[in-house]
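Number of protein chains: 2
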Amino acid sequence: MDYSRRQFLNKVGAVAGSGTAYQISMLLGLAPSQAEATPRAKLTALSGDPVRVIILGAGISGLVCAYELERAGYEVTVIEASPRIGGRNFTVRGGDVIDEMGHRQVCEFDTHPNLYFNAGPARIAAQHRLLLGYCQELEVALEYFMDGNRQAWAHDPNFADGKPIRAGEYVASARGFMTELVAKSIKRGEFDKRFSDEDAELIFEYMRSYGDLKPNGSYDGSSRAGYASGGMTEAPTYKTPLDFQALFSNFFWKSRMSDTEGWDLCAPMMQAVGGNDNIVKGFIRNIKSEIITNAPVQSIMQDTGGVAVAYNRDGTMQTIEADYCMTSIPAHLLPGIKNNFSSEYLAGLSSLGRGKLMKIALQMKERFWEREAIYGGITWTNQTVEQIWYPSQGINDKKGVVLGAYPFEDENQMALIRMTPQQRIDLAMEQGSKVHPRYGDYVESGVSVPWYRMNFMMGCGAEWSEQARHQYFSLLQKPDRRHYLIGDQISYHTSWQEGAVSAAQHALNHLNQRVSAARSA
Amino acid sequence: MDYSRRQFLNKVGAVAGSGTAYQISMLLGLAPSQAEATPRAKLTALSGDPVRVIILGAGISGLVCAYELERAGYEVTVIEASPRIGGRNFTVRGGDVIDEMGHRQVCEFDTHPNLYFNAGPARIAAQHRLLLGYCQELEVALEYFMDGNRQAWAHDPNFADGKPIRAGEYVASARGFMTELVAKSIKRGEFDKRFSDEDAELIFEYMRSYGDLKPNGSYDGSSRAGYASGGMTEAPTYKTPLDFQALFSNFFWKSRMSDTEGWDLCAPMMQAVGGNDNIVKGFIRNIKSEIITNAPVQSIMQDTGGVAVAYNRDGTMQTIEADYCMTSIPAHLLPGIKNNFSSEYLAGLSSLGRGKLMKIALQMKERFWEREAIYGGITWTNQTVEQIWYPSQGINDKKGVVLGAYPFEDENQMALIRMTPQQRIDLAMEQGSKVHPRYGDYVESGVSVPWYRMNFMMGCGAEWSEQARHQYFSLLQKPDRRHYLIGDQISYHTSWQEGAVSAAQHALNHLNQRVSAARSA
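These protein sequence lines map, in sequence, to chains G and B.
Heads up: the first sequence begins at 1 in my numbering, then just goes up one per residue.
Heads up: the second sequence begins at 1 in my numbering, then just goes up one per residue.
It should be emphasised that the hints constitute simulated quantities derived from the structure, not laboratory data.
A few of these clues could be false.
Any copy will do: because identical chains look the same in the list, a pair fits if it lies in one copy or spans two.
To be verified - Below, in silico cross-link-like pairs of lysine-lysine (DSS-like), each with a Cα-Cα straight-line distance of 30 Å or less:
| # | residue 1 | residue 2 |
| --- | --- | --- |
| 1 | K478 | K163 |
| 2 | K398 | K434 |
| 3 | K184 | K434 |
| 4 | K187 | K214 |
| 5 | K338 | K434 |
| 6 | K338 | K478 |
| 7 | K399 | K281 |
| 8 | K288 | K398 |
| 9 | K398 | K42 |
| 10 | K434 | K163 |
| 11 | K365 | K42 |
| 12 | K42 | K399 |
| 13 | K398 | K281 |
| 14 | K254 | K184 |
| 15 | K478 | K187 |
| 16 | K398 | K214 |
| 17 | K254 | K187 |
| 18 | K434 | K254 |
| 19 | K365 | K214 |
| 20 | K338 | K163 |
| 21 | K42 | K281 |
Quick caveat: nothing in here was measured; it's all calculated off a predicted structure.
Start from the sequences, fold in the hints, and give me the full structure.
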């Protein structure tokens, strides 16, 4: 082994010196992290006359702005339409109300630290540097969220009697098929025109490593797929590989097998211990300014001197004035609130589509999935529910809350959104039973959070068409006079907390420059 | 998107119906888990005359045997040579002694629940059903162990000025290169003889999904590699892909990029909360039989009536007799203990090589890796230390214990084994500094556990040559009269706890049948 590796490295040295154009120094440098691309705002501390800012919406973006502005000496008031602080950062526990338009639900989960459901953002990527910075500063305890799980299932009801396949078995065969294709073509000389003999040999070796091919370049199965038998006290035998027709007759490869390759979705991912609303609680602990809840905004009017916001509190109209306003109210709701925005700004706001993300959660009386060797992670199915997530917290607990549906396809989202809560649960149980025998029998209670129909939100994952992005993104990113749009909606990462936090930094930086410039003028 | 997917599924339906030979029903069945392949022993409860069993070695395998036999009514005594119960399941904390031959070390880590080091088994695979079953039964709390981490580094000191590359960037380019090769060859018709037009189109689409290729089949970069700039509040731009010469001039693809594809190494993996020796403590809590420590065995003598074991306790020779003996004493040490084993059995024992696994751990005064967006997982380097592991526990803590070396290559293992503890730490600091600037400055204290030189062990990861496996594995798996060999050494998973637990089951099943047969005779 050592010898052949040395040979290999010597060969590599020769190849590397062959004068091919490299972009190595640039490529291999320590890449700037995303945090550096959208740095944390550093606000100039105010002194002298106060600057007043009204923040509309107490979601992550609004809380970040309140936290930062307050620390820099601004006078801040936060106004939130709903009774709850946090926006779509919403951890549902037993007793919580789900304020869906026309379908108010009360969650009936048991009271237990691990029996909760992150109805909004559930996953924090290691690359989400700004959000993670706040978690550290606010002392929000984090733990791993298991995203990709090779033991979870890939399932297509229209194929092979609907029997699920372990993701790991599928992946091993896919890699075997792909690399065998390259390795054998290389051996046959089919790439002759493109590669030197030396390169061809390297490629052959690398394909063998990538796909776990036999020395002749064939994929005949691999322990990566799990053993057919043995492996511990008996000699291991491999499973027969899935043949390529089988691989290609399942949706998994095309749609979802590479999900965890994504920049936001690769391991490791994290969640706040005890529920992601502990991030919200971290901000609340550290914000002294008033946060007025139950206060739907009725008008946002600006003139050259300031902004006046009217809101309804307990049936009474209140008005508050300030120098600036930052709002995470969904763009599609803003035009329906009395305002004097420019017509172009209004056209921009109207160009954003309502996002259709929705989730269903089920409290299971037993953690049956752990008996299938599944500890967290995601099963993908080609049914309406699309995803089944197993909880990352509470390994070996008695009960657990499973995410029973999280569709990404429009038609699946809309099908579930249009149902009653009970119909959603019924469908999730029926479709889950296609993956896990007796799935429905374990369900004790369930809730659904269709953001498209949630009061004061009416959407999640603002949809930017390419056209709207081109025409309006920059426009909306700039303030309309004294009014700043914030929230994940005004980022390239809609529906992610990092998008919300980044958009907040962008607005804060702009305001800081503006106020500083005015003061030094 | 919906439309094209429907088209795709329709097409797939047509292909699937084309009559190619499938092994689908077999392939897609719910595969038996490894637990079913090596089931938990079900011992017949004893009544009447007692059956006495001596267990030599209080590692995981011996503890499993003691636990099971005791519950079935056997009379059990465990004899352990060292002062510590647990064998290579050894969690090192501040104050612990590392009993290396000639280099006794005392660990100087701070006292803190997260500042520990699993010097032996650190990772539990979801597929290790037997071990996980015991964890559940013994109420050992588990949490995730982060193995693969796309933010960790791939590092080769001989390349590109030794600058490390994020694993995720490397992987994205590797997939891009590979799939582009297939996709473009398909388009050029180079595989014409092998695939129908329909298949070729499917393969092209699947390669695009796998490698994140452009519609024309080119890999021009991907967000999977991280952004060159933007992505949050500015439009994202992609990094230039590593070209294939760059990919092939680094050891990572060939040696380590696919490590986490392994059946034992894919996500999710787990560890015991607070240190893996909590598994040992779980057994101790539940075993009533005597466990005699500090008692090196001096002889194992059998006759037709029983087994007599002599051991040295505080300078005095003691003898104990029993009906059977199960021993996890390393095979390479057994021939050096007075015995009357058959000559073939002795030849078998002598055929096993001493495993060379060794680890170095460093207490770091700051978790600098988290500032690099690394939360657990493994950096691979082509230096002697080979691996750097970041702790999976204590995200955002002040300090952390990093595994600073865990070589797999013989020459690297032996180089470190032959050094003094201080030389090992020095080398780990020097080589770690090639990956992380100022790495050495963070080190507060370090320990090394070279199992090859640890008293009473003298090895980890028993090495079976193909020849020895063929000639002796079955022989050693059977008892030599009344003497059973146990431990990971007599499994196909040496150095894994699941190997030890499985080997224990194998011996227990054999003994159970034997005792049952004798009683019913």
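Outcome of the hint check:
1. Proximity of K478 to K163 under the C-alpha cut-off of 30 Å is found in neither arrangement, the shortest distances being 52 Å within a copy and 39 Å between copies.
2. Proximity of K398 to K434 under the C-alpha cut-off of 30 Å is restricted to the intra-copy arrangement: shortest distance 23 Å within a copy versus 46 Å between copies.
3. Taking the closest pair of Cα atoms, K184 and K434 never come within 30 Å of each other, the shortest separation being 38 Å inside a single copy and 38 Å across copies.
4. With identical chains, the CA atoms of K187 and K214 are at most 30 Å apart both within one copy (13 Å) and between copies (27 Å).
5. In this assembly of identical chains, the alpha carbons of K338 and K434 never lie at most 30 Å apart, being 49 Å within a copy and 60 Å across copies at closest.
6. Within a single copy, K338 and K478 get their C-alpha atoms as close as 20 Å, which meets the 30 Å cut-off; across copies the closest is 85 Å, which misses it.
7. For a Cα distance limit of 30 Å, the shortest separation of K399 from K281 qualifies both inside one copy, at 26 Å, and across copies, at 25 Å.
8. Proximity of K288 and K398 under a CA criterion of 30 Å is satisfied inter-copy only: 27 Å between copies versus 40 Å inside one chain copy.
9. For the homomeric pair K398 and K42, the shortest alpha-carbon distance between copies (24 Å) is at most 30 Å, but the shortest distance inside one copy (47 Å) is not.
10. Within a single copy, K434 and K163 get their C-alpha atoms as close as 8 Å, which meets the 30 Å cut-off; across copies the closest is 49 Å, which misses it.
11. For the identical chains of this complex, K365 and K42 are inter-copy neighbours only, at 27 Å across copies versus 49 Å inside a copy, given an alpha-carbon limit of 30 Å.
12. Within a single copy, K42 and K399 get their C-alpha atoms only as close as 45 Å, which misses the 30 Å cut-off; across copies the closest is 27 Å, which meets it.
13. Taking the shortest alpha-carbon separations for K398 and K281, both the intra-copy value of 28 Å and the inter-copy value of 22 Å come in at or below 30 Å.
14. In this assembly of identical chains, K254 and K184 lie within 30 Å of each other by CA distance both inside one copy and across copies; the values are 24 Å within and 18 Å between.
15. Proximity of K478 to K187 under the C-alpha cut-off of 30 Å is found in neither arrangement, the shortest distances being 58 Å within a copy and 45 Å between copies.
16. For a Cα distance limit of 30 Å, the shortest separation of K398 from K214 qualifies neither inside one copy, at 44 Å, nor across copies, at 47 Å.
17. For the identical chains of this complex, K254 and K187 are neighbours both inside a copy (28 Å) and across copies (18 Å), given an alpha-carbon limit of 30 Å.
18. In this assembly of identical chains, the alpha carbons of K434 and K254 lie at most 30 Å apart only when taken from the same copy (21 Å versus 39 Å across copies).
19. Taking the shortest Cα distances, K365 and K214 never come within 30 Å of each other, neither inside one copy (45 Å) nor across copies (46 Å).
20. Proximity of K338 and K163 under a CA criterion of 30 Å is satisfied in neither setting, with 55 Å inside one chain copy and 56 Å between copies.
21. In the homo-oligomer, the alpha carbons of K42 and K281 lie at most 30 Å apart inside one protomer (23 Å), although the nearest pairing across protomers, at 50 Å, exceeds that limit.
In summary, the numbered hints that this structure violates are 1, 3, 5, 15, 16, 19, 20.
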